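Sequence lines, in order, name chains A, B, C, D, E and F. Note that our numbering has the first sequence beginning at 1, numbered continuously upward. Note that our numbering has the second sequence beginning at 1, numbered continuously upward. Note that our numbering has the third sequence beginning at 1, numbered continuously upward. Note that our numbering has the fourth sequence beginning at 1, numbered continuously upward. Note that our numbering has the fifth sequence beginning at 1, numbered continuously upward. Note that our numbering has the sixth sequence beginning at 1, numbered continuously upward.
By construction, these hints were calculated from the structure, which means they are not laboratory data. The model shown is predicted, which means the values in this text are computed figures rather than measured ones. Just so you know, even glycine gets a beta-carbon here, dropped at the ideal spot from N, CA and C. Watch out, some of these pointers could steer you wrong.
[As the list claims (entries may be wrong)] Simulated crosslink set (DSS-like; lysine-lysine; CA at most 25 angstroms straight-line):
| hint | chain 1 | residue 1 | chain 2 | residue 2 |
| --- | --- | --- | --- | --- |
| 1 | A | 26 | E | 26 |
| 2 | C | 33 | B | 43 |
| 3 | E | 44 | F | 44 |
| 4 | E | 33 | E | 5 |
| 5 | C | 43 | D | 33 |
[To be verified] Which residues of chain E face chain F? A partial, calculated answer using Cβ under 7 angstroms:
| hint | residue |
| --- | --- |
| 6 | 9 |
| 7 | 34 |
| 8 | 49 |
| 9 | 58 |
| 10 | 66 |
[What the hints assert, rightly or not] If you anchor each label on the Cβ, the simulated ranges turn out as follows:
| hint | chain 1 | residue 1 | chain 2 | residue 2 | range |
| --- | --- | --- | --- | --- | --- |
| 11 | E | 26 | A | 39 | 17 to 25 angstroms |
| 12 | D | 33 | C | 8 | 19 to 27 angstroms |
| 13 | B | 33 | A | 39 | 19 to 27 angstroms |
| 14 | C | 51 | B | 10 | 40 to 48 angstroms |
| 15 | E | 10 | C | 75 | 31 to 39 angstroms |
| 16 | F | 11 | B | 6 | 44 to 52 angstroms |
6 protein chains.
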Amino acid sequence: MAEQKEQWLSSLQTDTPQEGFELAIKLSRMGVKATQPNVDVLKKLRPEYAHDAFGLTAASQVIALNFQTISAANDYWK
Amino acid sequence: MAEQKEQWLSSLQTDTPQEGFELAIKLSRMGVKATQPNVDVLKKLRPEYAHDAFGLTAASQVIALNFQTISAANDYWK
Amino acid sequence: MAEQKEQWLSSLQTDTPQEGFELAIKLSRMGVKATQPNVDVLKKLRPEYAHDAFGLTAASQVIALNFQTISAANDYWK
Amino acid sequence: MAEQKEQWLSSLQTDTPQEGFELAIKLSRMGVKATQPNVDVLKKLRPEYAHDAFGLTAASQVIALNFQTISAANDYWK
Amino acid sequence: MAEQKEQWLSSLQTDTPQEGFELAIKLSRMGVKATQPNVDVLKKLRPEYAHDAFGLTAASQVIALNFQTISAANDYWK
Amino acid sequence: MAEQKEQWLSSLQTDTPQEGFELAIKLSRMGVKATQPNVDVLKKLRPEYAHDAFGLTAASQVIALNFQTISAANDYWK
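Start from the sequences, fold in the hints, and give me the full structure.
What follows is the structure, encoded as structure tokens:
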């Protein structure tokens, strides 16, 4: 049997805009994790940008980009 | 009963473009808060970019991205 | 009576592409102002990026993002 | 008589994709000029990023954003 | 006979959103490889950003942009 | 007779997604060249970002933006 990868993204559709925003946050984190899969390294790096004004703005920008995708996927919850 | 999360984003629709811009500002701040939920840390960091020309431009860029989303969600208030 | 906020954005529609570009510049500045409302601080910071090649490129990028929004709102003035 | 502003952007439509790319370059420069209208200052700053690998990449990014707008305005010259 | 280039991108369509995210990661890496095709150099550089909070955020941003493209190509897997 | 400019972009349509990605790379390079037309300077600067993790990520980001345009122009090669 083939190896089973963890399934973490089955759909871009969410019930509410707020759940969509949370999914955008998740996508942003998975983008980071794709580049650095070592959770221990990630934990060590986290304070670096979570306590830096520019790091936080950059993180918010990635979320904004992913929220554009999720919002379009949900027809803007109209 | 399940824990109730704070509801802060019930709709992307707004009455006017200006209210849409204000919602874009709110989304940008919530993106920051998602990465650094500690309000005391945020308050301490705020002067860092609010008094830095590049930090302000970066903040304006995140707002621009979120305003793209909100504007599309409102069919550009046509 | 409720406090009246200044109205500065009543519509995304403009008569010409050039007026749309000017509105994009205005949105970019309002994004900065949302983060730093103190006009005196802003005036002091302005030379920092207005005399810096990278600051100017970053400012042009925010205008480009907002011009994307305004252009779509005007169906590209077709 | 009212003061006449220079007209520099009468249309987003171009005959060919290459002319569209040239218009995207023009928009990028006008975004810079909107922030720093002093041509002498601009000329002095130009070598700063035109001889810097990161400055050139950033300039190319702004052109890419404006080319997205122009391409959509021309229905991708299909 | 003409030289055969390696084929690595035959379609933007994927079966699931998660496979689409993986394709977005691949596009981001191919964008890096286009600029620096020397695999040995790439391997040496990798730790630089994979152990840097800002480098990881930047990498996540490129993935977010490519995921926008892939998601649109798949009509958001609706 | 009028001077003939070099024609380098006659269409955004390509046969395959991979050719579209190559065109996105070309657009990114032409955006750099528009800012710094001196090929000797460009050759000298190239190692600066081609051997820098952040420079490579930034280059990949510009390609991602241009690939968004090219993909839309080709209706995502559906």
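Worksheet item: Any hints this thing doesn't respect? Which numbers, in order?
Response: none
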